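**Student:** Protein chains in written order, with our numbering: chain A, -13 to 271; chain B, 6 to 318.
Since the hints were derived computationally from the structure, they do not count as laboratory data. You may find that some hints are simply not true.
Unchecked claim - Distance condition first, Cα-Cα at most 30 Å in a straight line; then the derived DSBU-like pairs of lysine-lysine:
(1) A/K253 <-> B/K207
(2) A/K252 <-> B/K207
(3) B/K18 <-> B/K207
(4) A/K102 <-> A/K(-1)
(5) A/K253 <-> B/K169
(6) A/K102 <-> A/K8
(7) B/K72 <-> B/K29
(8) A/K245 <-> A/K194
(9) B/K207 <-> A/K245
(10) A/K240 <-> A/K169
(11) A/K240 <-> A/K221
(12) B/K169 <-> A/K194
(13) A/K22 <-> A/K194
(14) B/K207 <-> A/K194
(15) A/K245 <-> B/K18
(16) A/K252 <-> B/K18
(17) A/K247 <-> B/K29
(18) B/K18 <-> A/K253
(19) B/K154 <-> B/K207
Said to hold, decoys possible - Label pairs and their calculated CB-CB ranges:
(20) B/G46 <-> A/P178: 43 to 49 Å
(21) A/K8 <-> B/E187: 40 to 46 Å
(22) B/M203 <-> A/A126: 46 to 52 Å
(23) A/M(-13) <-> B/E13: 39 to 45 Å
Predicted, not measured: the structure shown is a model, and the values here were computed from it. Just so it is clear, CB atoms sit at the ideal spot from N, CA and C, and this is done for glycine as well.
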Amino acid sequence: MLIIGEKLSIIAKRVREAMMAKDKGPIQEIATRQWKEGSGIIDANIGPAEDGGEDLMQWMVTTIQEVVPLPVCLDTTNFSAIEAGLKVHNNQWGKALINSTSNDPERFPILELGAKYNCDVIGLTVGNRGLPADADERAAIAAEIMGRAMEYGLPLENLYLDPLVLQIATTQDQARHVIEAVKLFQHINEPPMKTVVGLSNISNGCPKALRPILNKHLFVLLMDAGLTAAIADAKEMAEVMEEKQLILDVYHGKEIEDKQKMSEIKKTLDVILGNTLYAHSYLEM
Amino acid sequence: MAFTAPKESYAGKVYSVTIGTGDKAATIGGENVLSFHSFEGETPNRPLVAFEIQDVPPTDWPENVRKVFDGVSDDPVKWAKYCQDELKAKAIALRLVGTHPDRENRSAEDAAKTVREVLAAISVPLIILGSNHAEKDSSVLIAAAEAAKDKNCIIGKAQEANYKTIAAAAMANNHKLIAMSELDINLSKQLNILITQMGFDKERIITDPMCSALGYGLEYTYSVMERIRLAALTQNDQTMQQPLLADVGMYVWKVKESQAPESDLPQWGAAEERGILWEAETATALLIAGAELLIMRHPRAAAAVESVIEELV
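Whenever a hint applies, use it, and build me the whole structure from the sequences.
**Tutor:** Written as structure tokens, this is what we have:
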């Protein structure tokens, strides 16, 4: 499992301030920590970056790679900022990853960049007609993105399909469709397509204490479904490895010794799989 | 081979909730099937239509529904008696809208007095509603709940912002409680959990997922109600097995279709009939979605809904 460290995002206040001030300290500290925690790629999310996006992305890529021997995931909707980042990306530590293209024609040029710079590209399985309803719709969009990738000269092994994790607090039934989509994506090509998710979106809007619990359980279910990579908190995901077997045991109907843990796992699996209705206090019921 | 109709069976059941006291007490809920699916299981109680009255004259109601209550609506006691005695209402919903700070800003004590007077005048169950001002409702509904102590009323609406005080008042005075959330099934469940975590009996709650009128989001209310009911029945979700409220009149009689005069929109037909139909249609849709308690304004719309219920039970 490849973890794409999610912590360098413009949404986080400390990161945003460092980006604005071009203060390398916090960026390098966070990047280093994520590398030590097991990230294989560092995500650099600079947002839409309409003004000065090129400079900012180049600064992020070089700042990160100065201290961390890893590739960077260039995460922005600004096309020219991505290209600027790719120009300075140090490929000695692996291929850069672009986040992302989709089935929206406006996002097709990203595939061209992927082909030109021989990097990896995330293909978000949404079109320009709203969110996909289920796994089949995601797979249909995936097939279109794959066709488009070949047309633009991007090898399919450079493409990661992303089924789009949605918030459990508002669109609960999408969680099981995402798990199903990860399975389906692997069947639509030989060798199987690579898959990726933005994991923590599942718990966006949930109480803070619940977030790691939901993230970890979804992660285990997705791993079980064959997921290749996740944009996630590497520390949280390292912790999952200790709980993985317990979660899978409960998932497969086995009893585990720790009854309290078992109840937490069962309840969490039930909300992710849509067997019980989500509420912020679901663990207390 | 003879045809056998397929039958669903469900794991869960809606709680039975009784309101009022004496001969005129009414019970809603209790079914273990979707609305009116009496061929599949138990449907022991009919949905209940409550007539809406106010503590202050209904100056904000459109003429076509206001005029029905001319001569009685200047006094909540007369109005309540008229609904009970003349219109044969099986329940009354008293909305203390006059307590809203932007309306008459009546005090909690005045509201309590109105509650006492109305209760003394009627024998059918009473639903006591605040003005939907979260802060003011806290004090008004505490006073109202005390004034109605042991009359087994429904007090509402408890929302996320004020549920603690209102639920405590309902609990201390032996009332049922409306828990309202805004068209969000997960928050509806959450509010029920929070209220029960205070020690309030889950079988004394009525869930209001928030109403909307035909053409103004009715499908959202319909969908949330239906999903709540499916969680109650198919998932046996004990936090979602309360009877459902459709607070229809208030939402219907403010939309354009229930008030625009025929002179302005001749293609829409007679305004009065249109308003009545709008209320009856909205209420009927929500009955099918799962509502067991409806609060309505126009007697002819209420009568139309009663006849639908009569045909479907």
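**Student:** Each hint should be assessed against the structure and marked as holding or not.
**Tutor:** Here is how each hint holds up against the structure:
| no. | hint | verdict |
| --- | --- | --- |
| 1 | A/K253 <-> B/K207 | 20 Å, holds |
| 2 | A/K252 <-> B/K207 | 23 Å, holds |
| 3 | B/K18 <-> B/K207 | 13 Å, holds |
| 4 | A/K102 <-> A/K(-1) | 34 Å, violated |
| 5 | A/K253 <-> B/K169 | 26 Å, holds |
| 6 | A/K102 <-> A/K8 | 29 Å, holds |
| 7 | B/K72 <-> B/K29 | 28 Å, holds |
| 8 | A/K245 <-> A/K194 | 23 Å, holds |
| 9 | B/K207 <-> A/K245 | 26 Å, holds |
| 10 | A/K240 <-> A/K169 | 23 Å, holds |
| 11 | A/K240 <-> A/K221 | 27 Å, holds |
| 12 | B/K169 <-> A/K194 | 23 Å, holds |
| 13 | A/K22 <-> A/K194 | 24 Å, holds |
| 14 | B/K207 <-> A/K194 | 27 Å, holds |
| 15 | A/K245 <-> B/K18 | 28 Å, holds |
| 16 | A/K252 <-> B/K18 | 23 Å, holds |
| 17 | A/K247 <-> B/K29 | 50 Å, violated |
| 18 | B/K18 <-> A/K253 | 21 Å, holds |
| 19 | B/K154 <-> B/K207 | 20 Å, holds |
| 20 | B/G46 <-> A/P178: 43 to 49 Å | 47 Å, holds |
| 21 | A/K8 <-> B/E187: 40 to 46 Å | 44 Å, holds |
| 22 | B/M203 <-> A/A126: 46 to 52 Å | 48 Å, holds |
| 23 | A/M(-13) <-> B/E13: 39 to 45 Å | 42 Å, holds |
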